[in-house]
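2 protein chains.
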Amino acid sequence: MKIVIFGNGNVATHLGKAFFEAGHGILQVFGRNRARAQELATALEAKAVGGLAELDLTADLYLLAVPDEAIASLAERLPRLKGVVAHCSGATGLSVLGGLQDYGVIYPLQSITKSADLAIRTVPFAVEGNTGQTTALLLGLMRKISPRAFVCNSQQRLALHLAAVFANNFANALFQIAHEILQENGLPFDLLKPLILETAQKVQTHAPRDAQTGPAKRSDARTIRTHLDFIGKKNDRAEIYRLMTKVITNGE
Amino acid sequence: MKIVIFGNGNVATHLGKAFFEAGHGILQVFGRNRARAQELATALEAKAVGGLAELDLTADLYLLAVPDEAIASLAERLPRLKGVVAHCSGATGLSVLGGLQDYGVIYPLQSITKSADLAIRTVPFAVEGNTGQTTALLLGLMRKISPRAFVCNSQQRLALHLAAVFANNFANALFQIAHEILQENGLPFDLLKPLILETAQKVQTHAPRDAQTGPAKRSDARTIRTHLDFIGKKNDRAEIYRLMTKVITNGE
Chain A
1 MKIVIFGNGN VATHLGKAFF EAGHGILQVF GRNRARAQEL ATALEAKAVG
51 GLAELDLTAD LYLLAVPDEA IASLAERLPR LKGVVAHCSG ATGLSVLGGL
101 QDYGVIYPLQ SITKSADLAI RTVPFAVEGN TGQTTALLLG LMRKISPRAF
151 VCNSQQRLAL HLAAVFANNF ANALFQIAHE ILQENGLPFD LLKPLILETA
201 QKVQTHAPRD AQTGPAKRSD ARTIRTHLDF IGKKNDRAEI YRLMTKVITN
251 GE
Chain B
1 MKIVIFGNGN VATHLGKAFF EAGHGILQVF GRNRARAQEL ATALEAKAVG
51 GLAELDLTAD LYLLAVPDEA IASLAERLPR LKGVVAHCSG ATGLSVLGGL
101 QDYGVIYPLQ SITKSADLAI RTVPFAVEGN TGQTTALLLG LMRKISPRAF
151 VCNSQQRLAL HLAAVFANNF ANALFQIAHE ILQENGLPFD LLKPLILETA
201 QKVQTHAPRD AQTGPAKRSD ARTIRTHLDF IGKKNDRAEI YRLMTKVITN
251 GE
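Protein sequence lines correspond, in order, to chains A and B. So the first sequence is numbered by the numbering used here: it starts at 1 and just counts up by one. So the second sequence is numbered by the numbering used here: it starts at 1 and just counts up by one.
Honestly, the hints are just simulated from the structure, not real lab data.
Computed cross-link-like contacts, SDA-like style, restricted to lysine to any residue with a CA-CA straight-line distance of at most 25 angstroms: (1) Lys-246(A) <-> Lys-233(B); (2) Lys-193(B) <-> Ala-18(A); (3) Lys-246(B) <-> Ile-224(A).
Chain A with its partners taken away, still in its complex shape (with noise of 0.2 angstroms):
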């Protein structure tokens, strides 16, 4: 396949350099960051360019691996193209290509961060096309990437993009509290790095309601005052403390 890729991010580059490796044709690089297009572009053996007029127009994809605010406006901006147009967000649904003639979405699940080492063939890409056609030309792209490409349509997409912020960004939070707990009483936050890797391998094999324990759990109202009255009355921690204890012991 002849690409294209927009973008000079995380998801381009990780993007652009797995599918230069699984031996695809880079043709080009956009990115408003002109030193870093240029860089990404060398290591894809593609030329960097900086405005559309310059788009080839004989790719077979088009990845807009840029931020979610911007795909819109640059999806309105492209001349008739005969190749596929992808972009890449978990919480923007596939209509707003809706004025193109052939596209869809890759989303890779995994938060992509500048780190070399990311096993790219371990992450989930979502992939959604206008056609069938453009669907399964998609997912047989992104499943020489990564077994683990499957099919989903833009409500699913969300319902995982939002789960992925509870159960990342959310719990990484938790996490933020909990070190600053300790912190606040001397303590270092190694004491607990066992207990959270602990808590995440629980998960693999145990479905999160089966893994649950604590106070909540058990319905030890005597501890959950003590806790309280340590965290004090009215702040953000109290407020997290209640409604986590509600939903574990109420389930949702």
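Please build the complex by placing chain B on the supplied structure of chain A, with the hints as guidance.
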């Protein structure tokens, strides 16, 4: 050391076995569940007993591995003892044993479950004694079971217990919510498992604040609104979403 164990649950079982394997003599096991107490006693080459009248007064350590709410009343009913009496609770102060001569706490931070494959040498044990001598005795005892045993006071232990509730129980509850969001949308929880592991692994080497990503971190109001629309306005998920987003955006 000569040791008497009260309790026949997970902590009693794992600590009892660890003491036994370290060469200590387990004299007696007290347990309300006679069958389980007998089973543990047999494994530890100890005597299972049911009543305090039979208590061996020659032990060096009396381990109260009983539910938190049972510690105070058990301590009150103990006869005068020359050995050290220690409870195993994170959320219970040292002072609950204040009526005794020598006393302390041995609190295993990690949630100790039945599964036999617990690597007890990786568990951080928080140790406290009523005197420097008792603290030193308990620390020496525990250091041979786990190199991660350390001394902390009752306030610190409660902070540790609370921090563990945030990092383990509440994080697991977020995994449960994520599980349900996926389930409601016909997607398997398997999709999130690598991300959950990655989240836990990242804070092994980075402070949680530095590991944070996502819409809240980058103040992406558009995606936050999309998520809240998807969740629906008035439920626990929406409240948790708003609170955690606030914590990430503003710090606590």
